[in-house]
Amino acid sequence: MKHIHKVLLLGSGALKIGEAGEFDYSGSQAIKALKEEGIKVILVNPNIATIQTSEGLADEIYLLPVTHEFVSSVIVKERPDGILLSFGGQTALNCGLELARRGIFKKYDVKVLGTSIAAIEITEDRKLFSEKLTAQKLKTAPGKIVHSLAEAEVFANSTGFPLMLRTGFALGGMGSGIITGKRDLRLRVAHGLTLYPQLLLEECLSGWKEVEYEVVRDCDDNCITVCNMENFDPTGIHTGESIVVAPSQTLNNHEYFFLRTIAIQVIRAIGVVGECNIQFALNPDNGEYRIIEVNARLSRSSALASKATGYPLAYVAAKLALGKRLWEIPNSITGKTTAFFEPALDYIVIKVPRWDIDKFIRAESTIGSEMKSVGEVMSIGRTFEEAIQKASRMLNDGYAGVMDKNFTRETKQQLLKRLKTADTMRLFTVCSAIREGVTLAEIHRLTQIDHWFLQKLENIVTTYKQLEQTVRLTRDLLRTAKQQGFSDSQIADLTHSNEAAVRTKRQQLQITPFVKCIDTTAGEFPATTNYLYLTYYADESDYVPIAGNKAIVLGGGPYAIGTSVEFDWCAVNTVMTLRKEKIKGIMVNCNPETVSTDYDISDVLYFEELSLERVLDIYELEQAPLILSVGGQIPNNLSVKLPRSVPILGPTRKQITQAEDREQFSHLLDTLSIAQPAWGKAATIAEAKKLCAAIGYPALLRPSFVLSGKAMRVLDTEVQLVKYMQYYAQLLKTHPVLITRFLEDYGECDFDGVARSGDILVSAISEHIEGAGVHSGDSAMIHPPATMTFETQQEVSRIAARIIKALHLTGPFNIQFLHNRDVLVIECNLRASRSFPFVSKLDGVNFIEVATRTILGKKVPRFPVPLLPFYGVKVPQFSHHKVKGADPVLKVEMNSTGEVAALGADCYAAYLTALIATGFNSPTRRAAMVTLGGERGKLALINSCRKLNNLGFTLYATSGTHMFLKYNGIHSEVIGKVFEHDQRTVINLLQEKKIDFIINLPERGEYQSTSAKTLSDGYNIRRAAIDYKVPVFTNREAADFFVDAIAKWHGDALPQLSLQAYKKLTVVTKGAR
Amino acid sequence: MESAYLHLTDGTSLQGTAFGYHGEMRGEVVFTTAMTGYEQSLTDPSFANQILVFTYPLVGNYGVAKPQFQDKHLVANFESEKIWANGVVLSSLPKSPFHYQSVTSFANWLTEQKIPGIARIDTRALTIKLRAHGVLAGTISRQKMRPRSFTARYRYTDVSCKKNVSYPAPKPNTPHVALLDCGVKHGIIRQLLHLGIAVTRIPWNVNPLDIGKFDAVVCSNGPGDPKNWVETVAIIKKILTKKIPFLGICLGHQLLSLAIGADTYKLKYGHRGVNQPVQEEKTRKCYITSQNHGYAVLTKTIPRNFDRWFTNLNDGTNEGICNDRAKIWSTQFHPEGEPGPFDTEWVFERLLTA
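First to last, the protein sequences are chains V and C. So the first sequence is residues 1 to 1073, counted in the UniProt record's numbering. So the second sequence is residues 1 to 354, counted in the UniProt record's numbering.
Fair warning: there could be bad hints in the mix.
[What the hints assert, rightly or not] Computed footprint of chain C on chain V, listed as stretches where at least three residues anywhere in the stretch have a Cβ under 8 Å from a Cβ of chain C: (1) 336-345; (2) 380-386; (3) 448-459; (4) 517-524; (5) 539-545.
Derived by calculation from the structure, the hints in this document are not laboratory data. Fair warning: this is a prediction, and the values are worked out from it, not measured in the lab. All residues carry an ideal CB built from backbone N, CA and C; glycine is no exception.
Next up, chain V with everything else stripped away, as it sits in the complex (with noise of 0.2 Å):
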């Protein structure tokens, strides 16, 4: 076999819906596994916020696209001997599989180590899986694609009944449906033929319980299951949008073992080396099976089975695609067995998704085959309903618990209609209908869900009730309570009491948590690492607190819009800053997709949840001080709630209540001359008039009353305010709204940095594309800025260290600063920001590390500001082709899933780069279209539109944009909207793939109008835009900056050096700060 020195890696780019922060968890394990050998490797990767893109991991690191042409480059400039394509989820896969069709890997003789391109092939390719799998004499749920009924005919009678009719995806998928015999089928396919060109008919499995098998392989065929998992919702509900629990807890011995032994004749069969994840469907009723599945990589549930039993499959299969054999290698965790065993779990695990569809305009909340989820959470504890509570409260999305009184308002009626399609809210609808009296017969019937978790909750909600009901709270019931995962605020709440009397008594009444250990063998042996859980269910803790310096690290959650994997990077960099200054840390968290919840990353991990409660218990047992300022704002938020006596390192509560207290801060702003954009706070239409009348439209409405921002709205005149109040005029008496004066036309920047006694030591300036009006999650952001002014940046400088001087902070902090001919501050957090990772990376400088050596109160240096020869852009990456029907279009909420950056030694390269790692193609048609709305709208981009006739484009427009284009002397072709007949559409363009772009450039009437029934043309356009998977540009800015970046490149390579050759670029300055 050839030696193996050098290896390539791919990661999976940006975080977007179905593929998010497992594959950074995945490709660390498997960068740590290899560098262990002595291999060098070299990672494509343009997931900046990444921890696989960090320093000290791979030795060459390529922020580039994952795409066949880049990785290509870079085989050419590296030469490695062998490369890994399991690690990166289907990005990497698809990409090696092109490769390997091209001959790039044969070309280069590079090896592709691990699972084998043939294998993949068959795992990826439903007829060869097919085939492949029905000469071993295994089952697969059969499946055909029709053009006609005669055809359908023919596979009916093959099969027999019921079946399931699929239709495309792109008419909302139209007639989908069961199909229960000959006439139904004769009537359904002939309809759906007048739709659609082919329907898709396939054995109907509703209501097969849906499991899984993580099995691994070695080269010598040794194999293992690690865990198997069993989906709270039946066969139906894509697996990233059920509840899922580990292990199985339906499937008799004679069924776990039965699927064990067939999940290893499919690895088998397809011949994997390393890891795979197998779906199968079994039938309640008599113990059928079909595989419906093979994933021939590490997934998302693989990270989830890694966390569940303390498997480190990634790190395993690493180590088998290099050719070890499983009892080759070492059990990190008792240290003395071998990788080749099977966890034995003393406990249940429950990973439940996170949703964030009311962020998304127009999208609706069922849920189905199609994954819409954005991140997950996953719980640990020694009963089912322990696990489901704590789990739901994870979610960070407002739940108590499974039962919530802010839920439970709906009839019994509507309860019962609700079961009947699955959504977001199932776990709380199933559980508000089981205490509406709807029997678990019923239940079962219209969700299929099996009656041994609807029994489970119904014991939570028989504790609910006796909970509402209770007079006296005694001792039994509060310990059933805690025993069944009731938070003590939740018990407060129905018992009118307050959480921290809840706790006090429970205290009293020795009513607390133990700790438990996760072993990976049931306590069989001993564990040599702190991997922990917390549970009423038990009578001692087997986990003796650590002994000497330490410090508590709360991670970022679960992953949402707004909270994604840079936050991750965070407190991952704060515990190893604190290792590395000998100090123990501690990471809290309970999101199985990142990093810090490997066991390996801190000295005592606890999976757990970052509530109130929760952090206060582990606090009580560790005595450590908290670090509550680099995961985001849940770890953020709890820093005023926490009792005075919990020592906090980093920014105080006071500091961060000026900073964060619209008043206070504003006040303070004040106090220092500094400006900002008027605002004030309004609970009545008349108040809200007078604050509008003074300080100007367009207004920004941010109203207190909901949680993820759905009702922010952005108006433009006093009628639209009216409505606005009218509408929400109940909820906003007890919670007023916050307006602010909307300023457009200014740009928008971020200011990151780290302070000690209120000295900024190290900052970094980032200027967004898009300009004020959007969320500075989904701007473009340019480090070190390219257009602002040196003025420009030296005033924002400057007012920021009058900011901080006068908060006197210690710690990591952001600023957001408008500017134009002036400079306002829009708002400040004291806490590391979304931002740190890209700057970092850029400057060299860890920002994380610089803020928790400084909040120790170890000495730091002053880091000047390097002087960068070169430019990094972060991109936003956008899920909405996964959203069914979601609206595309720029908004002040946050809408991307994820980021990617490239660098360059001009910005407009490295944006373009970016670009095509968020899916992007370059724009090679030479076409494109335009439509903007409104006066203002065709103004701004005239410019723009001249640049791309010159430089030979063909301009669609449609005939507004295409009369006025006409006026003013730029040529363009009439195309008709999506629904206008007898003329070529924009539909017909996309089909076709005859253009590159879209530019759409919406009134803010037409997509913020709060009546869903209308759907604008401007709507429809986007959305066939995105249905085509077509890029569409609705910020005048972006387009703007696309076009000026298309104009300036002519077709040569971008960029292709790796981080780590751009820095030796740098030339750090002396310049004073």
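Using the hints provided, position chain C relative to the given structure of chain V.
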């Protein structure tokens, strides 16, 4: 809910909730880490005189199936006709089950079989105690008072059949093995029949050579200290002199080892679970196995003419011996699984090469 107590011989008593049979029962307290298979474990005769602690906290979820007899003396879905364990210790109380094969609940099954159970015990804490201390004797009782005297429920030989039972092979002219029953798990018989081998199951103290001609002899699993089974060891010695192919499983492996002059010893807390990794010495191939034993063969005492067939990857203990030329094999693990994996079923196929 009535309280129950687990009184341990180290002087500690654990309080929990009673379920199952209302009676007092003593036994050696051992733990299994299997997450499924309580029906199979409890009906395994090797658990006779033992109280079984399940480390998995949610037991009884899928209820208890109706025993299916594929022959008058052979259960298809359990490992014997009854529960042999003396008691059960659980974390949470099992509730009404939901499974298409379930006919009764776990608690009712225990009541029917006159087996006491205790739930709401911190089974992880108890397991760690047993791991640290070694196995302890204990009594499940509804009395808070510690019991003063105990009697063993079974003599170790109670697990064996009292007279010969024959299981004809599905087809004629097939190999015929004698099965020395020291408390055989029915899974072993099922595996042999599945391979087309006819089986005559004979009591532990009968020399098969005295009652007929067999193509091979299999010695079963069974409870307790192998050194108790003096008569069976003597019979095995006789069989070996006749050069008849031999397969020992679990206790059978230990008895074979004693018969060839090796020694056995008691493990601190045994191997009980379905995730025990073993490695075949010659090929370096690894297998996940089902195990239930408290004693082991002392590796260094294995005579030269025998190969160390398998070794436990967790603790390096011996997991099997063989002498291929003499056609003698034995495994410490259960190649028939039940509960647990079937990865080593092929061990039985060795008999077909005999």
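Each hint tested on the structure:
1. 336-345: Coverage by chain C holds here, the residue count being 9 at a Cβ distance below 8 Å.
2. 380-386: With 3 residues close enough to chain C, the hint holds.
3. 448-459: Holds, because 4 residues of the stretch 448-459 of chain V bring their Cβ atoms closer than 8 Å to Cβ atoms of chain C.
4. 517-524: Satisfied; 4 residues make the cut.
5. 539-545: holds (count 3)
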